Structures are given as structure tokens and as C-alpha cells.
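Grab the two chains, each in its own frame, and use the hints to assemble them into the complex.
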Amino acid sequence: METDELIAALAADATPAKRPRLIARAVIGALCTVVLVLVLYGLRPDLIEALKSGPVQAKHFFTLFVLVGLTWLLTRAPFGERANMRPLWIAGTAIVVLWGGAAAMGSDPMGQTALACLVSIPLLALPVIGLMFAGLRHRVEPFAAERGFLTGLFAGAVSASIYAVHCIEDAPAFYLLWYTAGIAVSGAIGHLIGKRVLSV
Amino acid sequence: MRKGLVGDRRAYAQCLSLLAPRMRAMARRDLALVHANLVEDVVQEALLSIHLKRGSWDQTRPLLPWVRIIVKHKAIDLVRLVRSKAPHEPIDDHADIGAQTSDPLAGLHLEQALGRLSEKDAALVRGHAVEGLDAETLSIKFGMAPGALRVALHRALRRLADMARKDEEWKPMS
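So the protein lines, in turn, are chains P and E.
Residue numbers for the first sequence follow my numbering, so the first one is 237 and each next one is one higher.
Residue numbers for the second sequence follow my numbering, so the first one is 218 and each next one is one higher.
Quick caveat, the hints were computed from the structure, so don't treat them as lab data.
The model shown is predicted, which means the values in this text are computed figures rather than measured ones.
Treat each hint with caution, since some may be false.
From the derived model, a few chain P residues whose C-beta atoms are all more than 12 Å from chain E [stated by the list, open to error]: (1) A248; (2) V263; (3) F301; (4) G316; (5) G337.
Here are the simulated distance ranges between beta carbons [unchecked claim]: (6) P/V333 to E/A365: 58 to 66 Å; (7) P/F315 to E/G224: 23 to 31 Å; (8) P/G337 to E/V368: 56 to 64 Å; (9) E/R227 to P/N320: 40 to 48 Å; (10) P/C268 to E/G364: 51 to 59 Å.
A virtual CB, placed ideally from N, CA and C, is assigned to each residue, including glycine.
Here chain E stands alone, though its shape is the one from the complex (with noise of 0.2 Å):
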């Protein structure tokens, strides 16, 4: 993390990689069975959190207690969230209650967040992510400069954060 924040984007990028599955580990403690299926949200979401928010950790410090705490918090929120919406499920409709599926619905919330961003904004999280794009490959397909794809590429990030966290539209279970 540390060279991270110093630009090294490999060692980046191998951080987060390997935090996320400490995250998960801790996501699923601080979640009730009934709510398993929003670990993947959870974690997804901390990682964004910490990504836009990593110039605050205080680097004299050990980063995994900053995370606990980003992670927890995290999971609180969504819970609030998912009870406000959904406030009563019937069991009949989770008869595999308990059972250990890959979940479908996993990175849901976030896939949802991403719906709402400007098809730019979105396309521009997706070039990165699915497709592994490098900056020229990228900028020559939206047309814009690097300096300004990098920018684009940011702003899009935190509105996908905002849209995350406000989430006005969001049903968890249909």
C-alpha cells in the first residue's frame, strides 16, 4: 500500500488483491447468515472506499485496522440499507437457506451503481476492468487525451461511490 500511494501501480493493484480476501474474511464475521449474499457488496465497497480515501490512512500506522474499520462500517450501512427496503422476506422464497451456492447475486449492488452512472462513466470503469485496456488503447477509443481519460476515470469512480452510497433505486432481491 505503502508504495502504492507512491505511484507503483503493480504493487497497488497485488495490495488490494490481497486484502480483498482478508475483507471478505472480515465481512462475513461482522454479517448474519441472512445476509451472506451482500458480502461481495461489502467488499466491493470498501475497496472503492479505501481506494478514494487512501491519502487519509496514516501511514505510520498498521493499514488492517483501517480497513477493519472501513469494512465494518460497510456492512453496517448496507445492512440499514437492505433492511429499509426489503423489511419483510417470506422464507418460502429462500428454501436453499444455509446451503453454499456460488451466489448470482454477488456484486450486485455495485453492477446496480454502475447502471445508473452515464454509459461514458461506465464504459470507462468496464474498458479498465473487464476488457484489461491500457491508457493509449483506452483514450484512443473515448477520444480524449490521457491527462483527461485519467481525470474521467476518477470522477467516475467517486460518482460510482456516490451512487453506491445514496442509493435511492436499489431492490435486493428482485
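Just chain P, same shape as in the assembly (with noise of 0.2 Å):
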């Protein structure tokens, strides 16, 4: 095939061109997990008089700490780079070290509804991972993996932030032990997905 050829017949294509939209397929991603939990799990029974004592405070700080950590180093990136990662393996690590003092203080990390937890934050990921890749397909991304691994854990993020107002597991080393697994799922699965469907 001639190149002039390629030019003509793209030129030809009035299909308007399609933009990624990343903000608005997010919000949209999310406020179908909300609709989700709402639905499927509804919100713990003791919600408001939780949300007054301070280790369920602590447990939503610290879905929406990760949360923001995940978007500044998501839009952070510049394009055509690779994304720094070290902020994630300090995080990590920071992570680990908490979940150890936690747990060598008498908190309890396995609780009632490890597994539950465990799958929900995935599966209550997936709008927001849906969507995010919707767009992000029309975006040029060199490093596909990479950038799959990413959304998939913002995607996780707000998947945990929105489920913390189901579970009722206070226990900081349950929930950096569980949620932050649930939140590596949806990375690998976003991983997985940006491999296949993202590409330059």
C-alpha cells in the first residue's frame, strides 16, 4: 500500500474523531460504583454515628489519601515518559510498616468479611475501569502496561473509598491489609487490560 494512498483513504474517514474524555468517563465510573453499593450492599447501619469516632475517620482518610496519591501520579506522567513509580513503592512500603505496627498492637486483620472485601473492591472497580480504558484507547500510550497498572489502581481506589461506607471492619490492620489487596487486584487487572487494548 502507497502511503498516499493511506493519506486519501483517511482524509476520506468523516467519522469525527473521538476524544478520551479521561474526567468525565471517571466521574461517571464512579458514580456507577456508588449506584452499585448503594443497591447491592447499602451503607452500614451505623454510618453516621461511625463517621463521629476516629478509626473509621482514619479508614476513609486513608482510602482518599490513596486515592489522591493515585490521581496525582496518574496525571503527573508527562506524555511519551515512563510514570515515576517510586512514589508507589514508598507508599508501599509505608503501607506495610503500618499494617505491621497495626497488627503487632493487638488489631484484629482478619475480621469478619476478609474475602468479601477482597472481591467487592475489584468488582466494584470495573465501571470505573470500563470506562477509564474506553478512553484511554484513544490516547497514545508507548508504555501500555504501565499505564493499564495505574488506572487499574486509581480504579481500585475509588472502588475501596466508596465500599469503606459499607464495611464495617474499623480494624486498621484489616483494612490496610484487605483493602490495599483489593486495590493490587484491580492493578493487575488493569495490567492485564492495558497489555491488550492499549497500544501507540
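Next up, the structure:
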């Protein structure tokens, strides 16, 4: 095929350019997750009371902190270059240390709903993952797997932040372990999808 | 390119034609001499990618750095693909190495990807390209409404890009 022929065919394609619209997609995905949590899971019965207590606030701060951090990491990566992953390893180490400390102080890591939590967070992340990858497909992504991983982690953090209003486990050793694991599973899903669907 | 994004097709075609030689120069710089035969393949795939992803170009920024990155990574992908398919190439087969000839293999990659599309898709892409037909003639030829034709062409181009990317059967030198 000649390059001039290709250019003619491309110019003839009048379908409007697809825009990534990542922010809009992320917000819609998050709203889907909110609806799913409200409909399928419901709020924890003592939510208003619980939000007044320190440990519960700490749990919500933890998920929101992770979310803000990942948003920062995702938006900061300069176009065409690898993202700086060091903050991720630092945060991961910090979480492990905090978890060790919490567990040593007698906080219960297993709780009652560990498995539900580990499964729910990636599942609830799926709307955000689906919509964001639909947008990312329209972008030039040289480092497909890495971008997929970060996007998966971000979706996991959104999901965990929302799931937290249902979850009745407030022990630091529980959420530091299982929430983080759920977010990591979302990241792994994102890595796999990214490798397959994203490209330059 | 900005005009092309709001639907001025002639400006868009002109923009792509202006970009192509610069992309060729970029690709030539990125590819080692042994892979010089891939230059046109890189340019074509980068053009396809630019077309499909033009909506993500930030219009407040200059266009060329964006194009530069696409070309660079298409070059990397293609070289990787060629290496994995043809790990060993006897030098005897390349007596003309370094000689300046017009390359009959130019554009082979996309040609082969085109060959793996369904007949209708390939005809759609070619119809525009080779014969330069306008939308009305084409819609009569394929028996499709102009709107459906537009969608069909877009899908055909998208599938072409996917084919070129996945590329399971490509043998570069046979």
C-alpha cells in the first residue's frame, strides 16, 4: 500500500475524532460504583454514628489519601515518558510498616468479611476500569502495561473509598491489608487489560 | 491539523501529506540501517495511529512532538516484531545492503494487514485510496447509505490498525 493512498483513505474517514474524556468517564464510573454499593450492599447501619469516631475517620482518610495520591501519579506523568513509580513503592512500604505496627498492637487483621472485601473492591472497580479504558484507547499510550496498572490502581482506590461506607470493619490491620490487596488486584486487572487494549 | 479536527477534510489531507515526509525523516533516524526497509511501514502505521487518536492531541500544544513520540514508538514496536519473527538473517541474502534503491517492500506491512481484513473492509479502504472515489460513488458501489458507509470505513480503518498491531502471521522477508 502506498502512503499517499493511505492518506487519501484516512482523509475520507469523516467519523469525528474520538476524545478520551478521562475525567468525565472516571466520574461516571465512580457514580456507577456508588449506585452499585447503595443497591447491592447498602450503607453500614451505623454510618452516621461511626463517622464520628476516630478509627472510622482514619479508615476513610486512608482510602481517600490513596485515591488522591494515585490521581496525582496518573495526571503527573509527562506524555511519552514512563511514570515515576517510586512514590508507589514508598507508599507500599509505608502501608506494610503501618500494618505491621497495627497488627503488633493487637488490631485484628482477619475480621469477618476479609474475603468479601477482597472480591468486592475489584468488582466495584470494574465500571471505572471499563469506562476509563474505553477513553484511554483513544490516547497514545506507549507504556501500555504501566498505564493500565496505574489506571487499575486508581479504579481500585475509587472503589475502596466508596466500599468503605458499607464495610463495618474498622481495625487498621484489617483495612490496611485487605483494602490494599483489593486495590492491588484491581491494579493487576488493569495491567492485563492495558497490555491488550492500549497502544501507541 | 486544527482545521482537520473540525472537519475540513482537504486541510486534513494536506496536513497528513505535509507530515509524512517529516515522519519519514524521523523514522529513518530511529531505525538502524538494517531496518531501513521498515521506514515506510513505520510512517504508515504512525499515520493510522495519528488518524485514529487525533482526538487526544492537546490542541494547545505543538503537534510535532506528539507525532514524534508516535513515530518513535511505532518504530520500536515494529523492530521488536521483526526481531521476534526473524532472529537470524544470512548476510548473503543482502548483497545490496547499504545500496540506495527504491524499496519494493515499502508499505508491505500494511499491505499484509490489509490482506487479512475481510474483503469488504479492504475494498472500502482501497476504494477511497486507490481510486479516489467520492462518497456518493462508493455508496452506490457498496450498496450502502452514506452514513453507514462512513461508519464502515471508520471500522475498517480501526480493524486495520488492530491487525497491524497484533500481527501473528507476518513474515518480513518472505
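Comparing the hints with the structure gives:
1. A248: violated, 4 Å
2. V263: holds, 18 Å
3. F301: holds, 29 Å
4. G316: violated, 4 Å
5. G337: holds, 43 Å
6. P/V333 to E/A365: 58 to 66 Å: holds, 60 Å
7. P/F315 to E/G224: 23 to 31 Å: holds, 25 Å
8. P/G337 to E/V368: 56 to 64 Å: This hint holds: roughly 58 Å between Cβ atoms.
9. E/R227 to P/N320: 40 to 48 Å: holds, 43 Å
10. P/C268 to E/G364: 51 to 59 Å: violated, 30 Å
Violated hints, listed in ascending order, are 1, 4, 10; each of the other numbered hints is respected by the structure.
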